[in-house]
Every structure is written in structure tokens, then in C-alpha cells.
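Protein chains: 4
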Amino acid sequence: LKILYQLSKAGKLCVPAMNVNDSVTKQKFDNLYCCRESILDGLKRTTDVMFGGKQVVVCGYGEVGKGCCAALKALGSIVYVTEIDPICALQACMDGFRVVKLSQVIRHVDIVITCTGNKNVVGREYLDRMKNGCIVCNMGHSNTEIDVASLHTPELTWEHVRPQVDHVIWPDGKKIILLAEGRLLNLSCSTVPTFVLSITATTQALALIELYNATEGRYKQDVYLLPKKMDEYVASLHLPAFDAHLTELTDEQAKYLNLNKNGPFKPNYYRHVSAQRKTCISHN
Amino acid sequence: LKILYQLSKAGKLCVPAMNVNDSVTKQKFDNLYCCRESILDGLKRTTDVMFGGKQVVVCGYGEVGKGCCAALKALGSIVYVTEIDPICALQACMDGFRVVKLSQVIRHVDIVITCTGNKNVVGREYLDRMKNGCIVCNMGHSNTEIDVASLHTPELTWEHVRPQVDHVIWPDGKKIILLAEGRLLNLSCSTVPTFVLSITATTQALALIELYNATEGRYKQDVYLLPKKMDEYVASLHLPAFDAHLTELTDEQAKYLNLNKNGPFKPNYYRHVSAQRKTCISHN
Amino acid sequence: LKILYQLSKAGKLCVPAMNVNDSVTKQKFDNLYCCRESILDGLKRTTDVMFGGKQVVVCGYGEVGKGCCAALKALGSIVYVTEIDPICALQACMDGFRVVKLSQVIRHVDIVITCTGNKNVVGREYLDRMKNGCIVCNMGHSNTEIDVASLHTPELTWEHVRPQVDHVIWPDGKKIILLAEGRLLNLSCSTVPTFVLSITATTQALALIELYNATEGRYKQDVYLLPKKMDEYVASLHLPAFDAHLTELTDEQAKYLNLNKNGPFKPNYYRHVSAQRKTCISHN
Amino acid sequence: LKILYQLSKAGKLCVPAMNVNDSVTKQKFDNLYCCRESILDGLKRTTDVMFGGKQVVVCGYGEVGKGCCAALKALGSIVYVTEIDPICALQACMDGFRVVKLSQVIRHVDIVITCTGNKNVVGREYLDRMKNGCIVCNMGHSNTEIDVASLHTPELTWEHVRPQVDHVIWPDGKKIILLAEGRLLNLSCSTVPTFVLSITATTQALALIELYNATEGRYKQDVYLLPKKMDEYVASLHLPAFDAHLTELTDEQAKYLNLNKNGPFKPNYYRHVSAQRKTCISHN
Chain A
143 LKILYQLSKA
153 GKLCVPAMNV
163 NDSVTKQKFD
173 NLYCCRESIL
183 DGLKRTTDVM
193 FGGKQVVVCG
203 YGEVGKGCCA
213 ALKALGSIVY
223 VTEIDPICAL
233 QACMDGFRVV
243 KLSQVIRHVD
253 IVITCTGNKN
263 VVGREYLDRM
273 KNGCIVCNMG
283 HSNTEIDVAS
293 LHTPELTWEH
303 VRPQVDHVIW
313 PDGKKIILLA
323 EGRLLNLSCS
333 TVPTFVLSIT
343 ATTQALALIE
353 LYNATEGRYK
363 QDVYLLPKKM
373 DEYVASLHLP
383 AFDAHLTELT
393 DEQAKYLNLN
403 KNGPFKPNYY
413 RHVSAQRKTC
423 ISHN
Chain B
143 LKILYQLSKA
153 GKLCVPAMNV
163 NDSVTKQKFD
173 NLYCCRESIL
183 DGLKRTTDVM
193 FGGKQVVVCG
203 YGEVGKGCCA
213 ALKALGSIVY
223 VTEIDPICAL
233 QACMDGFRVV
243 KLSQVIRHVD
253 IVITCTGNKN
263 VVGREYLDRM
273 KNGCIVCNMG
283 HSNTEIDVAS
293 LHTPELTWEH
303 VRPQVDHVIW
313 PDGKKIILLA
323 EGRLLNLSCS
333 TVPTFVLSIT
343 ATTQALALIE
353 LYNATEGRYK
363 QDVYLLPKKM
373 DEYVASLHLP
383 AFDAHLTELT
393 DEQAKYLNLN
403 KNGPFKPNYY
413 RHVSAQRKTC
423 ISHN
Chain C
143 LKILYQLSKA
153 GKLCVPAMNV
163 NDSVTKQKFD
173 NLYCCRESIL
183 DGLKRTTDVM
193 FGGKQVVVCG
203 YGEVGKGCCA
213 ALKALGSIVY
223 VTEIDPICAL
233 QACMDGFRVV
243 KLSQVIRHVD
253 IVITCTGNKN
263 VVGREYLDRM
273 KNGCIVCNMG
283 HSNTEIDVAS
293 LHTPELTWEH
303 VRPQVDHVIW
313 PDGKKIILLA
323 EGRLLNLSCS
333 TVPTFVLSIT
343 ATTQALALIE
353 LYNATEGRYK
363 QDVYLLPKKM
373 DEYVASLHLP
383 AFDAHLTELT
393 DEQAKYLNLN
403 KNGPFKPNYY
413 RHVSAQRKTC
423 ISHN
Chain D
143 LKILYQLSKA
153 GKLCVPAMNV
163 NDSVTKQKFD
173 NLYCCRESIL
183 DGLKRTTDVM
193 FGGKQVVVCG
203 YGEVGKGCCA
213 ALKALGSIVY
223 VTEIDPICAL
233 QACMDGFRVV
243 KLSQVIRHVD
253 IVITCTGNKN
263 VVGREYLDRM
273 KNGCIVCNMG
283 HSNTEIDVAS
293 LHTPELTWEH
303 VRPQVDHVIW
313 PDGKKIILLA
323 EGRLLNLSCS
333 TVPTFVLSIT
343 ATTQALALIE
353 LYNATEGRYK
363 QDVYLLPKKM
373 DEYVASLHLP
383 AFDAHLTELT
393 DEQAKYLNLN
403 KNGPFKPNYY
413 RHVSAQRKTC
423 ISHN
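Protein chains in written order, with my numbering: chain A, 143 to 426; chain B, 143 to 426; chain C, 143 to 426; chain D, 143 to 426.
Same shape as in the complex, but just chain A (with noise of 0.2 Å):
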């Protein structure tokens, strides 16, 4: 995605784009909701850890960074947050997670989670001090987040346990569990909900439906969000799976509202007020 928006930028983009990953509900699903327990399943499916009572930190509180807080959170664990945004650091406060840095909390957790989108956020110096036993992977969007190639120097010795897990030995003893190798934890080691898949892939379907359809020239040489009313429309072709039903606008609640009563139910000035971050620059 980032490519793309650079090529846009450097005018070498050669046909119009749609950023199916920022639509709303693609947003949602893959990162807060998917991830909300996919950090439990793939945890669980590699390492059997229980969760109550165990010290997490979580490096990121964007989207995915605030599913797996709130999972853990809610199965008992008593979890860390780090961030650079102060905005997404607030939120995590009032979200009753302390904010540190990876230093203060480093020696003592059991269980460090990156999703940060960033590099290097876990390198070799905090990996010297995790506790024995530290369990390490990666939520984010590559496999830089974790420094794993530190790692391999002539005094660390390596166990494959099993697939997916590795021990990480030092010289004194301790070792650490490495997940993935620093992969994508929720690729690798969980599974995605044929729910998930159905929202992506709906999205995904319209959105090349769209610029299949659209009139010439209605998209330029550039990246485009999907429009906010097909956005809508994968919603609300979700919703019966839940047996949830929608209120109607009344035509005097249409008018007094300014809107149409098939939506988009976002004001046309919303559009220009771009400013609400839902997902922080924290994480992919």
C-alpha cells in the first residue's frame, strides 16, 4: 500500500487504485476484530501459555495493538503499552493500560507482543534482558519489528522445539521463545475466520467491480478509497449473519439530518474533516 502511494506521488503510477485496506470495515475486521483473537489462538496453538495473571507488553496501540490489548486484558493478563503517538497513548491510558517504555518493563514480562508497523522495535539489548521463559512474536505488518537477525551470533543457540517455536538459548542458560521467527504470529500460527475472509473478499470484488464500471476517466492514474457507500454496503450484507436489523430514517429524520436514506450516512463535509485517526501511524 505504501508503494502505491509513493508511486501515485512520484506520478508512476500506470492505473487507477483502490485502497481496499483502508475501507472501514476491512479495517476492522483484519486488524481490531481478527486480531482480538487471533493473539489468543496463535499464542495458545504454539506455546499453551495460560493467559491469567501473566505480564504482557504490547509495542503499538493502533488497531491491532488495541485488539490484543483487549483480549488479553479481558482473559486476565495485565498488559504494558508502548507508543510514540501521545494521541494513541492517551487512548491507552483511558483504556486503563499503563504506557512505558520497553525498558521499564523489559525484565519482567512473560509475553512481549510487537505491532508497531515500525523496525527494530524489539532489538538484541532488550532481548538480553528478558526474563527466562520471555515468550517474543510479532502482530505488525513485516518481519522487522523484532530484530531476530541479532539473534544469530556464535554465543545464542537455537532449539527448534516444534514448527513455528524456537528457544533462543543464552550462554547462562536462559532462553526465550521465539515465535514464527518473527513472523506474522496471525499468519503463521492462527487462522483467519471465513468470516474475515468474506468481508475482505467482498471488498476486494467491489472494488474491481467499481473500476470495471466506473465511466472513463471517473478514476485518474491514482489511489482511491473505496467509496464510503459501497463501504456501507459489504456491512450491511454482513449484518444478517448476526440477525441485526437496521433502523430506517424516516423521510423527516432523512431531511432533518441532510441525508439520503440509503446512505452514505456520512455527511458530505466529514469527507474533508479527514483528521479523526482511527488507525494510528503505530501499526501497518
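Derived lysine to any residue pairs resembling SDA-like cross-links, with alpha carbons at most 20 Å apart: (1) K261(D) <-> L391(C); (2) K243(C) <-> T392(D); (3) K243(A) <-> A396(B); (4) K403(A) <-> N262(B); (5) K261(B) <-> N404(A); (6) K261(A) <-> A396(B); (7) K151(D) <-> N402(C); (8) K243(C) <-> E390(D); (9) K261(A) <-> S284(A).
Just the calculated beta-carbon pair ranges, DEER-fashion: (10) K154(D) <-> L149(C): 35 to 45 Å; (11) P305(D) <-> K243(C): 46 to 56 Å; (12) R271(C) <-> K144(D): 50 to 60 Å.
Sample of chain D residues at the chain A side, in silico, Cβ under 7 Å: (13) K186; (14) D190; (15) M192; (16) F193; (17) G194; (18) T333; (19) P335; (20) F337.
Everything labelled a hint here was simulated from the structure, so no lab data went into it. For each residue, glycine too, the CB sits at the ideal point set by N, CA and C.
Following the hints, position chains B, C and D against chain A.
Chains B, C and D alone, transformed into the frame defined by chain A:
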């Protein structure tokens, strides 16, 4: 705010204006975080109702509705949601709330809360069907959400039982408990924590300073969002109150993310992909 | 209650007594469920404090402590627990609370709540170390948990700021906010929902009826628990308020479980295996 | 265990026995805390189901049921409870769950979980009415809770889709997803954390040591609960794993509470007021 945008659209705005209301910190604090607490406070101070086991319907699942739902669910209420927007409705489903039409639940709920920004959401036809002792209140943006006017008919008896609390009694003896005559519960029957006031006042003060200091022509006669960096600044000023410690980007990481180490932490292209709907239209 | 048991042990009880306090419904409602709400209500009405992001230490993790911790955690506070009983301490861990000594956290918490049933849990040595603006209150069984007497020394200034709220000011200007002068917050600064009153009054009335109707010699001069079946009866009388529907055992199931279809639903041998500690000693 | 008590009652128990199962730590860990995690794990590993938005009915609100309900609610499921015991039913209400008869919800739930300790809780009449794709599993004490035998009739087709997962297909094409053929999900499809094994093994080892070391005649041919102090000892041995720090009573406090500073921390008279029902009969 709506009026400001209408003036702007009509070309009748004679000074630049800052839309402080849609700054992230303001939104989150005045709406989600503050309402999460004030719904409980407002209901307790007026009615002493026990939340555990109560059935509640919350109309509108924007920031205000999300706050009300989360608080009541956490204290053991069973919460139903009504929505017009399929995206907000899907969020409600994933957060564990049944999405219903008001008519499906109006006969058996104990509490009705409006947070839609809409008008006549709870009309006389619903008030007639509520059960005896049902509490009705409004957390939305104006006093139009509950059609209080419809209750001023000869066959209904009003009893003012204490400040902000009226009993409206039907001929058969059924009574409903109307709070603040349908005006905002959080303003009428609850208090605003000084922390929230501080966030709001800081945001407003910074907006004024920005407008005052801006070079000639920087702002036209239009409505502007608070520059993102200032939003972040407001947040960072309030972090020490929580003993929260921000992580700083290394030079290498800032380069990797293509960000200034001091923020803003959301890259520029996010401005143009405005579809993130943090607040749904259903609320103010 | 303690006195009743002491009298009984000393053979000085001259009438049979019912220990209504330890009936299950009374325990749960007056303690866990009621305190879960009244801690929030009591703090809001006296101080308007925002719960989100606040650091709180709760002394004692019995029913009252569990209720306070659950409510504050749900509203975004970061909660620490102190305990003397390892079983309650382990429960606190599994519920996601850090178990600490008061001295570990006293310097940086925003709110201190006692619910131990013990005396001098918060002594002057802790009061001296609290940070400026710290709120101190008691949800336990008497006014001895906070050593308020120790605050009546010449160098400290007391300011009565409003009913139930005193500022105690140190020579260096630090002040703490003492609620209800250390008496019970839930009785002094909050209200009791009618639902809870109904549970309690029903239990007491049934106990009196049982004692009055009992055949000569059924009850000796001792302290008795409310017969289990009556406890269940109190509960069943309150289920319709929640539109709750009990399932009835089939004949075959009752036989399989060796139970009477009308209860009591706990088999007789459970009477003798009393070790289940629903309430820890740490609270009244 | 039931058999032990029956033998004891019949005078046929030929050695003393320790009821380790009803020790507090064992109860809480093997039941509430462990099931809170294993219900999620067992469902994910077998079906990859998404929990968010799912409607679930949990039969039985004892420790196991409470664990299942809490976990699923936390992850966004809408949970209904069935109960035979009015006290447990009232607890379910106060914890925010609708208490229903199975017949009220069986047609529209997505998942059915039994944790009653009872037999034929989900009989063929309910299996017939489930919707297509409904998942059925058992977390209770034996394989009798779901009437699996009733599904072995000629008109139903069984498809074994993977280990522990069967599809049972009705003539009209409706299928239900039966896990572990109705045996215990937590034993068949999930794992037990080493922490829980440690609690259980420690408790059993201490019970054996106690029986072995006891003076002649201390234990008769009966079933005994683990002495309370030992239960506390097991808990205290596991606190360091959570970096939990117990508070010690001062001499003055121990005297005030009439307790030994080293425990047991529950006063003796609590033994005789056994009515606290931590576990309801509805589960094993």
C-alpha cells in the same frame, strides 16, 4: 458546528473558524471517555437504579453510544443497540451487542438511552409501549431525540418528583421516568471531570493561538480542523498526569517510517483517505 | 455478627439467631454486586473524579474488593490489590490485578480504597507518602481501616470542603482528599438500590418467619445459617424482575442428580465440605 | 468423587480419602480459570469460529459455566444462560446474561455449550431445532450432557470431517457441528497449561503427604477436605510466578482479627457456615 459548515458552504462565513469539536482528543474525551462515565453517574444521581441485570436499549452507536454501551455492559446490564448505519451496526455486533429495531425491544427494556443526533428517535408510539417504570433519557446532541412534546397531552399526568426527574403517568397507571425532560443527561444530571475540561480548554486555546499567530492568508473564510500536530500536542501535555512515558523514534526508525521524530505521526497521505469514520453520523 | 458467634461459643447466647449476613444472596448483593456500583457512585458524588487512566490500590480482595476492582478496571482504571490471604491473592492475579504491598505503590496511586475488615490498614506512615491529591476512602466494615486518628496532629490542616469531603493538608502543601472521615463510603456517600434492599429485607423476613414457625427445639441457642432452600427461595422471588426463566429438572435428571426437583439444588454432602471460601477473611 | 461420598455414606469406604477436587485452588484453577481459556482454545482449534457477534447459549452457570460465559462475552459473543438453581440464575442476571429456557433460544443460537454435570441437557428435541451450522459441545463432567446416542438414527448422516469434529446432517440438509462426540471439549480439543497442572499436582501431593504423615486415628474411613491451611500453602507456592507480594498481618491486626499470622486466614466459625455455594450443583 453544522451551522458553521453550512455558512461556509454558502460562502457566508466571514472569518476563519477552527472545528475544534472534531479534533481527536476532544472527540474521544468529550464523547467516548466522558460519556462512558457520565451515563452511569447521571442515572445514579437521578434514579439510584441498579445496573446489574437491567435491560437497556441504546439508540445510536457512535462515540457516545459506544461509551454508554461499554459502561453499562461492564456493570452487568444487557444492552441492545439500534443503528441506521450498517458499519456502526456491524461494530456493535462485533462488540457483543444485539442490533435491533426499537420496536423489537421497547416493551421489555428497563432503560432507553438516545445518542443519535437525530430527531424523534423515541416518539409517542414507543413511549406508549414502554413498560411500567421504564427510565428514558437522552445523551445525544439536543433535546429533540425524545419527542417530549408528544407527552404533553391531557390524558397523561406529569409528576415532578425531584430536580431533573419527572414521572409521566398513563391512564392505566403505567408510569415512565423521564430524565431532564429529554435534555442532555450528561450536562443536566452529571458533572464533567476537570481532566476533560482541561483537554477541551487546551484544545480551544491552541486553536485561538493558531488563528491569531497564523500568517496573513494562511486561513481563509472557511472551517478548518485543528492541525494534527497540535492535536498531538494537546495529548502529550496530558500524558504526565497518567505517569505515561512515550517512546521516541530512533533516527533509523523515523527514516523507515518517513516521519519527523517529533510528529505528526500520521503520514500526509492519510489526510486524503478520509473515509475512516470514527464518529458515525448517528451522533453529533 | 462476630459478637453473636463469640456469645454462642461462650454459651451466652440466650436465643437462637439466624446469620442472615452469610446467606448467599445477601452476601452477593450487599457486597459484590452492590459495591461494584456504589464504589463508582460514591467516588463520583464526592469528587467527580474521572476513572479512566487513574491508578488505584484496593486493599483486600474479598467480595467487596472484587466488586470495587471489577468496576474500576471496567472503567479504565489501573488497579493494584493488597492481600494477606494467598488464595485471594492468587484469585486477584488470575483476574488481572497486580498483587503488591501497599508500600510498593503508595507513592504514585491516585485513589486508595480499603475493604479488608481489618484495622489500621492505611496508617499514618502511608498517608505521609501519598501524592498530592490522592483520594482515600473506606468500603470495609468499620471506620478503623484508615487510621484517621493519626491525622489529627497539629502540623496537619483539615479543610472541610463539602459534606463527606475533607482536605488534609501537610506543611509542604500536599493534600489528600479524605472521604466520609474514613467511615463507609457506600453508606455515607452513595445510595442503596431498592433491588438490594428488597433482597435483604426478604431474607431477614424469611429468617424471622422460620424462627417463629419452627417447632419447639428445632433451633437451640446458637447461630444458624438461613436454610439453603430459603436462600434459593429469596433468589427465585427476584428472578421475574429480570425476566429470567428457570429450567426445571426432569424426573430422570432429578433422580440422576439425586435431588428434589424443587431444590435445594446443592446435595447434602456439600454441607460438610465447607472449605469453599466465597468471602475471604480480609473483608467483613 | 460422588462415588467416594456414596461409599462413605454406606460405610463401605475402607481408607481415609481426601476430596482434593473441592479444594479452593483446584476448583478455581481446573474449573473457572482454566475453562475460561480452554473454551476459546477448544472452539478455535476445532472450528476456527469467530467469536465476535456469535450468539451462544451456555447450559449451567457453575464455575465452568461462569468461565465460559466470561470469556465469550469478553470476545464479543452474545451469551444466554440456562440454569435450574435460582441463586446461580440470579448471579447470571447480575453478570449481564439473559437467563432463558433452552427452548427460547435454541432456534437462533450459533453455539451450544453444556456445563451442567447433568444428563440429557441437550436432547434430540433441541438438536432437531438447531439452525444450520450450529456448533454443539460439552464442557461438563461426562459425555451424557448431550444426548449423542439420539443422533444415531437412520435418517441422520454423520460426516467425520477432522479429528474431534463431526457433521451430523438432517434429511433437509441442515447440519450441526458436533465436537468430540459430546465428550469433554477441554480434555479432547484443548490443552492444559502447565501452571494448572502444577496447582493440581501440588494439591494432590500435599494431600498424600498429609494422609501419610497423620497420626494414627487422625483420619477415619471417610472423605475429608484438604485442610484449609494446606490449600493456602498451595496458593502461596504459586504466587511468586506472578511476582505477587503478600501483605503480612501485624501482631495488633492478627489479634484484632483473632487469626494466626501464618494462617489459616478464615476463622474457625466459617467452617460451620458452609452455605456459601461457590459451585452450584449444576456443574460437576
